[in-house]
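**Student:** The residues making up each chain are set out below.
Protein chains: 2
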Amino acid sequence: MVTGVDIAVVGATGLVGQEFLRILEHHPLRINRLKLLASKRSAGTNIKVRGCSLRVEETTPESFDGIDFAFISVSGEVSSQLAPEAVKRGALVIDDSAAFRMKPGVPLVIPEVNGSDVEWHEGIIAIPNCSTTQLVMALYPLHRANPLKRVLVSTYQSVSGAGKAALDELRIQREEMKVKGPSIPAVFPFRIASNVIPQIGDFDTYGYSEEESKIIEETRKILHDPDIKISATCVRVPVTICHSESVNLEFTDPMGVRKAHMLLDNMPGLKVMDGSGLMPYPVPWDLQGTDDVYVGRIRRDFSVENGLALWVVSDNLRKGAALNAIQIAEEVLNRRVLKK
Amino acid sequence: MVTGVDIAVVGATGLVGQEFLRILEHHPLRINRLKLLASKRSAGTNIKVRGCSLRVEETTPESFDGIDFAFISVSGEVSSQLAPEAVKRGALVIDDSAAFRMKPGVPLVIPEVNGSDVEWHEGIIAIPNCSTTQLVMALYPLHRANPLKRVLVSTYQSVSGAGKAALDELRIQREEMKVKGPSIPAVFPFRIASNVIPQIGDFDTYGYSEEESKIIEETRKILHDPDIKISATCVRVPVTICHSESVNLEFTDPMGVRKAHMLLDNMPGLKVMDGSGLMPYPVPWDLQGTDDVYVGRIRRDFSVENGLALWVVSDNLRKGAALNAIQIAEEVLNRRVLKK
Numbered sequence: 038m039v040t041g042v043d044i045a046v047v048g049a050t051g052l053v054g055q056e057f058l059r060i061l062e063h064h065p066l067r068i069n070r071l072k073l074l075a076s077k078r079s080a081g082t083n084i085k086v087r088g089c090s091l092r093v094e095e096t097t098p099e100s101f102d103g104i105d106f107a108f109i110s111v112s113g114e115v116s117s118q119l120a121p122e123a124v125k126r127g128a129l130v131i132d133d134s135a136a137f138r139m140k141p142g143v144p145l146v147i148p149e150v151n152g153s154d155v156e157w158h159e160g161i162i163a164i165p166n167c168s169t170t171q172l173v174m175a176l177y178p179l180h181r182a183n184p185l186k187r188v189l190v191s192t193y194q195s196v197s198g199a200g201k202a203a204l205d206e207l208r209i210q211r212e213e214m215k216v217k218g219p220s221i222p223a224v225f226p227f228r229i230a231s232n233v234i235p236q237i238g239d240f241d242t243y244g245y246s247e248e249e250s251k252i253i254e255e256t257r258k259i260l261h262d263p264d265i266k267i268s269a270t271c272v273r274v275p276v277t278i279c280h281s282e283s284v285n286l287e288f289t290d291p292m293g294v295r296k297a298h299m300l301l302d303n304m305p306g307l308k309v310m311d312g313s314g315l316m317p318y319p320v321p322w323d324l325q326g327t328d329d330v331y332v333g334r335i336r337r338d339f340s341v342e343n344g345l346a347l348w349v350v351s352d353n354l355r356k357g358a359a360l361n362a363i364q365i366a367e368e369v370l371n372r373r374v375l376k377k
Numbered sequence: 038m039v040t041g042v043d044i045a046v047v048g049a050t051g052l053v054g055q056e057f058l059r060i061l062e063h064h065p066l067r068i069n070r071l072k073l074l075a076s077k078r079s080a081g082t083n084i085k086v087r088g089c090s091l092r093v094e095e096t097t098p099e100s101f102d103g104i105d106f107a108f109i110s111v112s113g114e115v116s117s118q119l120a121p122e123a124v125k126r127g128a129l130v131i132d133d134s135a136a137f138r139m140k141p142g143v144p145l146v147i148p149e150v151n152g153s154d155v156e157w158h159e160g161i162i163a164i165p166n167c168s169t170t171q172l173v174m175a176l177y178p179l180h181r182a183n184p185l186k187r188v189l190v191s192t193y194q195s196v197s198g199a200g201k202a203a204l205d206e207l208r209i210q211r212e213e214m215k216v217k218g219p220s221i222p223a224v225f226p227f228r229i230a231s232n233v234i235p236q237i238g239d240f241d242t243y244g245y246s247e248e249e250s251k252i253i254e255e256t257r258k259i260l261h262d263p264d265i266k267i268s269a270t271c272v273r274v275p276v277t278i279c280h281s282e283s284v285n286l287e288f289t290d291p292m293g294v295r296k297a298h299m300l301l302d303n304m305p306g307l308k309v310m311d312g313s314g315l316m317p318y319p320v321p322w323d324l325q326g327t328d329d330v331y332v333g334r335i336r337r338d339f340s341v342e343n344g345l346a347l348w349v350v351s352d353n354l355r356k357g358a359a360l361n362a363i364q365i366a367e368e369v370l371n372r373r374v375l376k377k
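Chains E and A, in that order, are what the protein sequence lines are.
If you read the first sequence in this note's numbering, its first letter stands for residue 38, the second for the next number, and so on.
If you read the second sequence in this note's numbering, its first letter stands for residue 38, the second for the next number, and so on.
Chain E with its partners taken away, still in its complex shape (with noise of 0.2 Å):
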């Protein structure tokens, strides 16, 4: 067993960089050394961890040097560049953008659902998009037991999937909200305070949204299942964080309601809240910083054979992102795949 790992955290003053932190603080984790790392422009800042100040230092290729772990999350763009540098240096890199997880040679992984995927990695394991690590979550214990014939889902998704300039401009927009201000949107196409907008990425030429193609991509990747029929619209809605998701399923053979519950209620990092309690049903406000992804509303959908709905919440920076990056780690440690 490895005693203590290296870690390099790359955009640790972003919000997932922020959050990857807030969890290391409580994690069981052994870390011999942790690098922060960021753009030149956020370099400098002291970021205390664990009782230790630590320094910010700009990224640069040999920041990997001797490092175990790469936790890169910026953007796509820049991913490109800085993960081939760590890998080259030995590290083993877990990226939370999209510029990786559709690769061939590089697994998409859910340590609960797909977690032995870590082990044909050649240097990068990706983070699914944290809309479809949700999803995902909810769909593998049913798709296991009755195989999933069709998945349509509508998203609610928070403004922090856009990061800190995009839950500044929500701020902004809510305080000019008071004096009926002019607000020119800069992070999103329209103002968000007090709107949705159904657009998240931009579209192709069938319509569909960057956002919407890698919930349909990526869980086919993370299910290994490519024939299963998905559509998605993706929406953003004012809320700060955690993404809500309305999913209806077809399934092959019935599935009742009860045997569902049953499903989800034994899947790992899952939670059900169905009908009763304090919290009868997920919503976003009460969940913010927890870990699991939570499962409410099951119920049958009449209109189709087979079918069944669910709503679907999960805190977005959590397990989908810092949280679910952890985990892969764990999951290398165990697996003893640290190294290629």
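Check the hints yourself; a few may be wrong.
All copies of an identical chain are treated as equivalent in the list; a pair is satisfied when it fits inside any one copy or across any two copies.
[Stated by the list, open to error] In the EDC-like style, the derived pairs of lysine to aspartate or glutamate whose C-alpha atoms are separated by at most 20 Å in a straight line are: (1) Lys186 / Asp205; (2) Lys77 / Glu95; (3) Lys266 / Glu287; (4) Lys186 / Glu342.
In short, the hints are calculated from the structure, not lab data.
In this text the structure is predicted, and so the values were computed from the model without any measurement.
Position chain A relative to chain E; hints supplied.
**Tutor:** What follows is chain A alone, placed relative to chain E:
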């Protein structure tokens, strides 16, 4: 032709009543007498309409003496008591509550879709639920050309759909957000600021909310098609005005995007916003106070044969309620079916 009508607006101080009066300001409907009615609590206030200051009176059965049209926008419970009194006194009730919508002798009318249904009224004509109206406006021109087999809708419904107190609750929670103060929800089951709530009305034994059942049943009634398969998930979002809907359709025969675009474009009261211009798709913030139903993001749904996906936005207080009510009155006058 009628030279002028006597109108009573019940619930004149409510959100829909106020919107109704705003529309009347510039509407060609000729009015002899306009009576503003409300509960005892709201009676006594003065409202300016078409240059006249009118006193809001408490609603009593006698309020309807000599009235041609009674526009009622109050709770189902209150309307159940008032509407029959108005009918007894010869008024034609145009009711915005859920009390009469599914009753056999009550037409449920969207004039552009089933205007001729006003002809068989027995004293009450019901306005569909706001989330139903905008959905059916988009379904109708497509369904007429190529029968729909299945409709799936996930809604993003604004807070104004729950009334004035709901808007106040959102505003107060937004202000408290800055000071991280506590917030005890009263109108909604959870806080609504920076949250989404997948519950509108109570749940039935199958796990469907009242709003979801309304969409399903009302759509079938308006389209005169009890067999059309529909599934709905209704969600409240922190938007003040305009409901949005993510819709997936399945047709009997192939339905191309261009064909759908053309059919929708020819539908009165509906505008297609698709891909170009300053508003390439409809969003709620920018469409508050407008009269039409807006459709965008028209694209193939590749997960099913003959599938199509849409995004629909409309002002829930206008076409979703007050405007539809006035249009029903016009339809009644045009078809000369005012008196039974």
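**Student:** Given identical chains, is Lys186 near Asp205, meaning Cα to Cα at most 20 Å, within a copy, between copies, both, or neither?
**Tutor:** Answer is neither; intra-copy 41 Å and inter-copy 44 Å both fail.
**Student:** Taking 20 Å as the upper bound on the Cα-Cα distance, should Lys266 and Glu287 be classified as within, between, both, or neither?
**Tutor:** Both. Shortest intra-copy (10 Å) and inter-copy (14 Å) distances satisfy the 20 Å Cα cut-off.
**Student:** Given identical chains, is Lys186 near Glu342, meaning Cα to Cα at most 20 Å, within a copy, between copies, both, or neither?
**Tutor:** For Lys186 and Glu342, both the intra-copy (11 Å) and inter-copy (13 Å) Cα distances are at most 20 Å.
**Student:** Given a CA cutoff of 20 Å, do Lys77 and Glu95 count as a within-copy pair, a between-copy pair, both, or neither?
**Tutor:** The answer is within: 5 Å in one copy meets 20 Å, while 69 Å across copies does not.
Hint compliance for this structure: hint 1 alone is broken.
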